[in-house]
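Student: Given next are the chains, with one letter for each unit.
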Amino acid sequence: MSVARFWRKQPQRYNLEGTRCETCGRRFFPPRTFCPDCRRDGKVVEHRFNGTGQVVTHTVIRTASEQFDAQTPYVLAIVQLDEGPRLTAQVICAPEEVYIGMQVKKAFRRIGAESASGPLYYGTKFVPVE
Amino acid sequence: MRKVAVIGVGCTSFGEKWETSFRNLFVEAGALALEDAGLSGEQIDEMFVGNMSAGRFVEQEHVGALIADYAGLATNHIPSTRVEAACASGGLAFRQAVTAVASGMADIVVAAGVEKMTDVGTGVSVDALAGAADREWEGFAGATFPGLYAMIATDYMHRYGLTREQLAGVAVKNHRNGAKNPRAQFRSEITVDTVINSSLVADPLRLFDCSPITDGAAAVIVAPLERAREFTDTPIRVLGSGQATDTISLHDRRDICTLDATMVAGERAFHAAGVERTQIDMIEVHDCFTIAELCAIEDLGFCAKGQAGILTEEGVTALDGDLPVNPSGGLKACGHPVGATGIKQIYEIITQLRGEATGRQIDGEIGMTHNVGGTGATVVCHILGV
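For the protein sequence lines, the chains are U and A, in the order given. Quick note: to get my numbering, add 218 to the position in the first sequence (first position is 1). Quick note: to get my numbering, add 224 to the position in the second sequence (first position is 1).
The following block holds chain U by itself, in its conformation from the complex (with noise of 0.2 Å):
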């Protein structure tokens, strides 16, 4: 991914800055500019989201892109955030830990690097919640 590429979301990637519909109170992430609901009478606004939630379904990922295959095996999941939206993203546990319900946060960690001297790319991953 290039750099202006990945810079123009970083507070998306960081933080969890997704957005909502003020007119029907939709909350969208990974963040949408036109609510597919209200339409042209939609108000999309950022909204940050807190990061906790669920894990809904989940995979142990051994065979992976080369960028990711320094990594495996990691275990991959979609996540349902307590405000609404779900999100596909890493869970940093064991992959035997993993479970459908598994409550979860978020947290900055690094995703993966470019090359072995390229730039360095991070975003959110989701830690279980003891």
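Don't take every hint at face value.
[Stated by the list, open to error] Sample of chain A residues facing chain U (criterion: CB under 10 Å; computed from the structure): (1) Val350; (2) Thr368; (3) Arg477.
Everything labelled a hint here was simulated from the structure, so no lab data went into it. Backbone N, C-alpha and C define an ideal beta-carbon position, used for all residues, glycine too.
With the hints as your guide, set chain A onto chain U.
Tutor: Chain A in isolation, oriented as in the chain U frame:
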């Protein structure tokens, strides 16, 4: 709208075809289809080529023109258009061809699909295929394509009690069919043990739950039904076509293990065809992973949610069952050259309906295809009949 028929079909063998280039794959399939229809190149009015990612796999864009050129049609200056919807590219190319003929814009139209996937290593192909999902918000987090379907499987097994053995049964059945298909990539039968002892790719999916990386091409030729008998004694009618979209990301779906786009595209095809589910004699569904075949059977409305594993276990979906699914061997055993798969599905149903599927012939008059892009963001279905 005019009624449309398929008048010729061609398909390469599927596999790791080291000796064959991207363009030659297409030329082989196209020539077979033309020969089958008894057509010369000058009679072709238009062409649609399904291709997912020549840009990533062979660093080639502008596929429509390239293919027309090497098919010997560039000097005729026919319109040639690449169609892309990830793994549903082939099915969509067919739908575009049908639309062109039905509308009266063209008479003799080629719908083709081609993908050359083995000129890059596994890492690049895994990454290219992940482009069928949302790069920014699925791929960036480390999602792979098998990983997304694995999350469908985790949800499905949790909710419906599907067993690991039932899931493996899909691969066993499709390998049994593939063993009877001379064009299939894998022509060996396997057992449940083969599947459940193969290496984990993305839990709970193992290597033998996944369709392979494949080179291949397929082409079919459509024409107005009223002209079909000029070219063939066995025209097959296109009874219905349905296409639907859904959210690009799996996490935004209404239900993780239901493909709403399959339900809608299927319903549209049934409605257009005026055909009931009980009249369908065979289906080619998009089994990119074992779990995907079970979801397809259910979401097309052939059984209740959660029941397709039992149906498979009971042999209902086997070649000699009441509802044969994936007689070609499916994506699992026949192979999955992503842009070509949708056309290969049409090829298989046509071959079956003409009674030419030696060794795996099903007795029937109406067949259906189901082609999925991504994790269900695009679905296209067709119903074909004698």
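Student: Each of the hints needs a verdict: does it hold here or not?
Tutor: Verification of the hints:
no.: 1; hint: Val350; result: 5 Å, holds
no.: 2; hint: Thr368; result: 6 Å, holds
no.: 3; hint: Arg477; result: 9 Å, holds
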